[in-house]
Amino acid sequence: MSIAELESREIQLEQPQGLWSDAWYRLRRNRGALIGFGLVSTFVLVALFAPLIAPYGPREQNLSLVADGCCPGPSAEHLFGVDQLGRDEFSRVVYGARYSLLIGVVSVAVGLSFGLVLGAIAGFFGGITDSVIMRLMDIMLAIPGLLLAIGIVAMLGPGIWQIMIAVGVVNIPIFARLLRGAVLGQRENDFVLAARAIGVPKRTILGSHILPNAVSPVIVAGTLALATAIIDVAGLGFLGLGPQDPATPEWGTMLTGTIRYLQTAPHLAIIPGIAIVISVLGFNLIGDGLREALDPKLRGRA
Amino acid sequence: MSAARTPLLSVDDLHVRFGTSRGLVYAVNGISFDIAPGETLGIVGESGCGKSVTSLALLGILARNGRVTAGSAMFGGRDLLKLKDDELRSIRGREIAMIFQDPMTSLNPVLTIGKQLREPLEAHFGMDKGQANRRALELLEQVGIPSAKQRLRDYPHQFSGGMRQRVMIAIALACEPKLLIADEPTTALDVTIQAQILELLRTLVSERDTALMLITHDLGVVAGMCERVNVMYAGMFMETATATALFAQPRHPYTLGLLQSVPRLDSGRRQKLMPIPGSPRNMLSPPSECPFAPRCRYEVEQSRQQVPPLEEIEPGRLVRCFNPVPADEWQRQRVGGAA
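Chains as they are written, first to last, in this note's numbering: chain S, 51 to 352; chain F, 44 to 382.
Okay, chain S solo, but in the shape it has when bound (with noise of 0.2 Å):
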């Protein structure tokens, strides 16, 4: 084989493509993402067929079990145990983690397209509209994120939806800052430049050079701020912020029933509890392996 044929065929092997492929190759030999990617798929499955997996109904009640004292623990029929109504605990959980990623998402989802709207103006025009977006995002900065919320939620009444909005609008300013601060660096690149010299318009520099450059910190944050979302939105559920109808499973409403029965039933509280930091460590693990896999200075290695 020749010294050409060889070389080409090393580059080949060296070089998995473009960005995001390289990403995603790295990402996969991650042994911590892998373990966060499995226990996210199986909380987004179990939420997707909640239906299928709970024997009984989140809200079927069956006094009869609880008539005396609360409350059973795990048993054949309750995997789980029943909670202080006579409710399946295994069911509740599974249907929680619908309402625990619906309401993880759409915070996010509400955070990031406001955070990522406002810091993409900021960084890229500058100036008095920069002054001002960023003075903005700083006051919401300077109030504690939990305590924030709990004001949004008190202005807008309790309910899930509202703690949806309270906990997305917590996140504005989070991905607001670090996206304007990923557009400042890149807004010099040499190649903003040389777009700008052969004449394309502001618009498609910033959303197709600018933007790409500098989304990745945002994607890693975005996942870990889906698990600070499911915690905080447990936590506002806790304090009865959450959904009114206290029959909703969800797992922060849920612990605040079971305080009551915590010496007799720790499972009520424990099981939620569980589900919780679950979620929570998968959407973790994700963020840290992608945090991993889009660093360019680890780029290049495996």
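No lab work stands behind these hints, which were simulated from the structure alone. It should be emphasised that the depicted structure is a prediction, and the values quoted were computed from it without experimental measurement. There's no promise every hint is true.
Stated by the list, open to error - Pairwise CB distance ranges, derived in the manner of DEER restraints:
| no. | chain 1 | residue 1 | chain 2 | residue 2 | range |
| --- | --- | --- | --- | --- | --- |
| 1 | F | E89 | S | S71 | 35 to 45 Å |
| 2 | F | N108 | S | P262 | 24 to 34 Å |
| 3 | F | T63 | S | I189 | 27 to 37 Å |
For each residue, glycine too, the CB sits at the ideal point set by N, CA and C.
Please build the complex by placing chain F on the supplied structure of chain S, with the hints as guidance.
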């Protein structure tokens, strides 16, 4: 002679300043030049003398803190320096295009070469993707990239430096501009590739009768490519002449200094290189004396009192100096071998 042709671009008394935390930087202090269609004009100078700033100012893509404070740049009956950003945008890439120094960073790493080649075509001609792709393929073939069709789908990191600069040239020439500004097009490349890229530029430019403004610090590049050369220092032209005249008989002390500091194959073995002493002028104040005076061996009293005017001391040659170098000085030094 280029003077007979009507100029394509006529720059007059261009001034550019930058506002920085240390004060105003006087980057370009009144430069004037003409380029005729098909002409190749050289601008030579060391780093920081305002070469690149001049070209960025013409295209209206100076950094945010940069301002054109005086001057005009007539191009096709319009003053580039007075156009609105939208109007300028329709000129950039369409009528005046630019190639940058570092092909490693001037291409966007996340977009395919094909996409980046299509961009000017879509922006200026409103071509759809199919048309633009066909044209992009043609362009890649013209700049000598093998198996162009497959390479359209490749990303910049899959190209070598020389190949990337070829792609940059293809992008710049996509809309057949009338003027091409090449800002140190070969500085980041190794010497063998430099020659190829210059050859390619020369061919493409002469085929299309495109005017080329070549900005470089490399005297060798200028000697091989340009008809007229402007030597720039501290934001001013110090000497303007035809390339042949400039290299045979430098008349400005700075030009002489530049030539003396470059090794030559035909010089005597004992000939020493003579660096220019001192460092470039601090640009934080407007020039009030000859900017080169502190480093100059030919300095006269007057040089410290006022900025010398750019004067025509022989036909076709302008020199900004009160005490120009004797016409035969350079020749004498080279033959004598003594410095």
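Hints versus structure:
1. E89/F <-> S71/S: 35 to 45 Å: holds, 43 Å
2. N108/F <-> P262/S: 24 to 34 Å: holds, 27 Å
3. T63/F <-> I189/S: 27 to 37 Å: holds, 31 Å
Figure legend: structure checked against the earlier numbered hints; every hint is met.
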